[in-house]
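Chains S and Y, in that order, are what the protein sequence lines are. Residue 13 in the working numbering is what sits at position 13 of the first sequence, and the numbering runs on without skipping anything. Residue 384 in the working numbering is what sits at position 384 of the second sequence, and the numbering runs on without skipping anything.
In short, the hints are calculated from the structure, not lab data. Bear in mind the structure is a predicted one, so any value in this text is a computation, not a measurement. Cβ coordinates follow ideal geometry from the N, Cα and C atoms, glycine included. Each hint should be verified, as a subset may be incorrect.
Quick list of simulated restraints, FRET-style, between CB atoms [unchecked claim]:
1) S:HIS54 with Y:THR152: 38 to 46 Å
2) Y:LEU424 with S:GLY72: 42 to 50 Å
3) Y:PRO305 with S:GLU69: 46 to 54 Å
4) S:ALA43 with Y:GLU273: 13 to 21 Å
5) Y:ALA57 with S:GLU50: 50 to 58 Å
6) Y:ALA57 with S:GLU94: 46 to 54 Å
7) Y:ARG308 with S:ASP47: 18 to 26 Å
8) Y:ARG65 with S:VAL93: 50 to 58 Å
9) Y:VAL239 with S:ASP45: 58 to 66 Å
10) Y:ALA67 with S:GLU68: 34 to 42 Å
11) Y:GLY258 with S:GLU69: 43 to 51 Å
Chain residues, written in single-letter form:
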Amino acid sequence: MTLTRDDAERAAWLSRLALCDEDLDRLTEDLARIVGFVEQLRAVDTDGVEPLFHPLSLELRRRPDAAEEGVGRRGLEGSMGYEDGLVRVPKVVE
Amino acid sequence: MSQLTDLTDLTLSGLALALKEGRATSREATEACLAVIRARDEELGAFLLVDEERALAAAEAADVRRAHGAARSPLDGVPVALKDNLLTEGQETTAASRILSGFHPPYDATVTARLKAAGAVCLGKLNLDEFAMGSSNENSAYRPCKNPWDLTRTPGGSSGGSAASVAAGACFGSLGTDTGGSIRQPAAFCGLVGLKPTYGRVSRFGVVAFASSLDQVGPLARDVKGAALLLEAIAGFDVRDATSVERPVPAYAAGLTGHVRGLKVGLAREWFEASGLDDEVAKGLEDAKRALQDRGATLIDVSLPHTRYAVATYYIVASSEAASNLARYDGVRFGQRRGEEMGLLPMYEQTRGEGFGFEVERRILLGNYVLSAGYYDAYYLKAQKVRRRIADDFTRAFEEVDVLLGPTTPTPPFRLGEKVSDPLTMYLSDVFTLQANLAGLPALSLNVSFTESGLPVGAQLIGRPFAEEGLLNAAFALEGALGLEDRRPPA
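Just chain S, same shape as in the assembly (with noise of 0.2 Å):
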């Protein structure tokens, strides 16, 4: 099965992406082949084997439900979009 244009288009899509139909034919080609490599995958036996998402077996830690410093609206101040403690967008809702 070989990527094409138009998978290459439908990625860009998902990432949230803008390209020129440049760049769009020189990924499209550039993942065609790195796609075809990883194929090779399929080779691999892999029957009754568990995937091993992270190198190791956590359990999500927890802290107790109470208030705790943090960085707070701080972090907003580097927005392009900030404006008195609020970040400006585009309308989300038409």
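Chain S is already provided as a structure; the job is to place chain Y on it using the hints.
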């Protein structure tokens, strides 16, 4: 030769000793580094940001502490620098991407805070491949970085600046990050010690995330002891990193003995039989094998049968995780913003399309493609199963041996421009380093030889989880036996 030049020739532990014994001050060391940066960095491209004022103030404070017998740690007053994907409060942090141009973090990464607490003097932020994606530092959106041993060649990547700066004497140690080899490969290309700790050993809080199940922060230095001192300062549990492990931090530097009698060293046949392994790299490995054997270690053949699937596995897993992690760069809360006037979706698309470089776009696309409906099972899930097979290979090998020895890279440092146009060729050069990230194992590279034309050749040691002490000790033994740590790049 002026005293300034002599100082920057020292190893990190050499400087630490000089500071302790009063033969040098932090101010002198810091000024010496800044002089190197001024003289060489325009050409070298190791730094993205240098903060002279802040560094000199920190140096003076360190000298005052020492004068009062109140040095905080062996690193107190030692000039270091940080890869620019490690957050530094109030200091621009870009991850070498346009999308984070002008981003001033409101907090320090845990590793940044720990180095500061140890008294280290931070000179500035180091160049890297954008978002740590690359093996040559050629993907930096700002400027290329060159190898001090040969300015026509790459210092490696993605922690190219971290390696070039130390090798050039612009700082005594640095921090990098390693997701698929990004500390070890530049260390090998620049003749340094570079260590990727066990996953979970060092906090990832405040590290610009690339692939969350693979990323680790680690030290680069000219000497094993220096790397050990840096690791000691940054390692340990951090409540703010959910993947941080609660385990005490050993005294890595003090524990170095160089005794390796009886150490069982595994040689994976798939690595040594790899086609494309350069002759001069192979020769360096022979030197390393001989040196360990001479010191009483035993060499044992082992097999890591899934080695050949490592590149494919890694690129699926890392790209998928990257696609998810980089979704946060949408122009809303921080970073650059474009296309706001066109609406919300266009704002996302323009911001990201303009802000990300080509390699980053490539990996995000690949990641979202393999995660999307219809492909998830065949690619992503499959890759994670092969990942377990790869990890199991190591578990089996470590039943017979204590450490694994092998090449870090298939070739000596390649020329700038040689590989950057073909992503697959670049990816294939990571074959020896990727596995340790997939399995979460500690791994380091150290210099074991030089090519006929004077380029560094590194070798890699991989250990069991949380066995950094043994790993560092084996490296210490090798370093002592090979006696190369005094060699410096041409001025």
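For each hint, the structure was consulted:
no.	hint	verdict
1	S:HIS54 with Y:THR152: 38 to 46 Å	holds, 41 Å
2	Y:LEU424 with S:GLY72: 42 to 50 Å	holds, 45 Å
3	Y:PRO305 with S:GLU69: 46 to 54 Å	holds, 50 Å
4	S:ALA43 with Y:GLU273: 13 to 21 Å	holds, 19 Å
5	Y:ALA57 with S:GLU50: 50 to 58 Å	holds, 53 Å
6	Y:ALA57 with S:GLU94: 46 to 54 Å	holds, 53 Å
7	Y:ARG308 with S:ASP47: 18 to 26 Å	holds, 19 Å
8	Y:ARG65 with S:VAL93: 50 to 58 Å	holds, 57 Å
9	Y:VAL239 with S:ASP45: 58 to 66 Å	violated, 41 Å
10	Y:ALA67 with S:GLU68: 34 to 42 Å	holds, 38 Å
11	Y:GLY258 with S:GLU69: 43 to 51 Å	holds, 46 Å
Consistency with the previously given hints fails for number 9 only.
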